[in-house]
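Q: With chain Z's structure known, arrange chain E on it following the hints.
Line order of the protein sequences matches chains Z and E.
If you read the first sequence in this note's numbering, its first letter stands for residue -9, the second for the next number, and so on.
If you read the second sequence in this note's numbering, its first letter stands for residue -9, the second for the next number, and so on.
Keep in mind that the hints are not guaranteed to be accurate.
Just so you know, same-sequence chains aren't split out, so a pair can sit in one copy or run between any two.
[Said to hold, decoys possible] Heads up, simulated SDA-like pairs for lysine to any residue below, C-alpha to C-alpha not over 25 Å straight-line:
1. 8 <-> 169
2. 8 <-> 171
3. 8 <-> 89
4. 8 <-> 72
What the hints contain is simulated information worked out from the structure, not anything from laboratory work.
What follows is each chain in one-letter form.
There are 2 protein chains.
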Amino acid sequence: MTEPAICRSIAALRDTLKPARMADERIAMVPTMGALHEGHLSLVRRARQEADRVVVSIFVNPTQFAPTEDFDAYPRTEERDVELLRTLGVEAVFAPSVGEMYPAGFATGVSVGGPSVGLESDFRPHFFNGVAVVVTKLLLAALPDVAVFGEKDYQQLCVVRRMALDLNLPTRIVGAETVREADGLAMSSRNVYLSPDERRTAALIQTVLTEAATAIGDGGDAGAILAAGRERLAAAGFRVDYLELRDADTLAAVTAGTASRRLLVAAWLGRTRLIDNIAV
Amino acid sequence: MTEPAICRSIAALRDTLKPARMADERIAMVPTMGALHEGHLSLVRRARQEADRVVVSIFVNPTQFAPTEDFDAYPRTEERDVELLRTLGVEAVFAPSVGEMYPAGFATGVSVGGPSVGLESDFRPHFFNGVAVVVTKLLLAALPDVAVFGEKDYQQLCVVRRMALDLNLPTRIVGAETVREADGLAMSSRNVYLSPDERRTAALIQTVLTEAATAIGDGGDAGAILAAGRERLAAAGFRVDYLELRDADTLAAVTAGTASRRLLVAAWLGRTRLIDNIAV
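So here's chain Z without its partners, still in its complex pose (with noise of 0.2 Å):
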């Protein structure tokens, strides 16, 4: 067990790294907005697997939130998530106030094409501006070797990549799986807005994800299993946002040279939005 540092600056967190960067250990970051659970405890296991010490920063940034969403009500567990990190060998948590990381004139904005058009974009048109200037600062910040974002924001993985390599940030984008309750519901912070009945429901998302990612893969239509599927959804009270086919690497359309394919969904059960995504 290691006390993680838990830095509030960005000029702590440099001194706090700065001994294992001299030292040429590798470092690996999992940037989180909080309120962890085994999803996340997941991504920081295969951080450490990845390097010798790993930062988690908790920042719920409120530059990717727009003002109809729920950046007052997102949870907020500070105490409990260090608890957690603590067993799990974590070096420092990045954990600043939204002052540190947006000061006063602050004026820069990062933008990404490419993977971020439609999709989440069709719905949440400010997010991605907000996750690539949030994921810039976070990394530059630390400077991890590798950085470690889950499968489950498979959009905005695409566009962490594609950012990473367009800004030339020293920092590998690794992605790791989703990981999912028993029921198959991948595991989510916003889970905890769902009603018992709600929380039922959800888990239809991954049996139509997984169902309709089998039947493509079998050569079916996708057009039409895709519009079953979102007819399956919205029948049981789900309002669909989106269930769509992609080219899993660029998230353009699929055409015949597509090399591999993606299913991603979001979808809104009552108050709370969910999103998945499967290989097809």
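A: Showing chain E alone in chain Z's frame:
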């Protein structure tokens, strides 16, 4: 005399700098577009004062030129540039191709508000987005402790400072004083475009700047002084884009609370655009 390593790729640059970084030596970078003159060399000397190792980048960045501008005509003199840098003890020259910097699928933009508003942006609206992305890429390729930029491009210096702060770039931005010809003309790679007649006229820019700065500093009416300055330049054959007084730190409009002021000018002589600035 050090033989500078000529690095064509980001990977080669990182390999070249790795031993210095692991020895905890300080690295300074001077980003340039080549066609080096005494102004650049003074930046390199300043970089040597700031660090143990100096890396100079030579890259004519297409994304900061508009289609109507002089990207193709911009002077390229790499062999001579490297010869000059050899005498200054430069560790590495980073001279990537356009394809190395902007590979297929490149999709990321960096935009800086604040100091980029107005002045150059009114006449070159694409310019600072191009600068922001390339400077981010160059600094992240080399990860210098310090980067030296000339005050001749004063607005660019302010934009880069803002961006470095906002993105948590691990690099301190240093501004270095403008180097001038005997008659006061600020050194610039674009001065080679001037005809002999234009070259004689060009020095008037600094005369007007100096006299206006003195008159404003003495408490004169800035509006009237600037209008007279614009007229004097126009009478000598310049087409003035702007001659403006701004807050020296934020480049915002001057108010009662402004701590220090900067006078900035851009004007055309024939087909050559000249810029300059001075503290008030």
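Q: Indicate, hint by hint, whether the structure satisfies it.
A: Do the hints match the structure? See the list:
no., hint, result
1, 8 <-> 169, "neither (32 Å within a copy, 37 Å between copies)"
2, 8 <-> 171, "neither (38 Å within a copy, 44 Å between copies)"
3, 8 <-> 89, "within (24 Å within a copy, 34 Å between copies)"
4, 8 <-> 72, "within (21 Å within a copy, 34 Å between copies)"
Violated hints, in rising order: 1, 2; the structure is consistent with all others.
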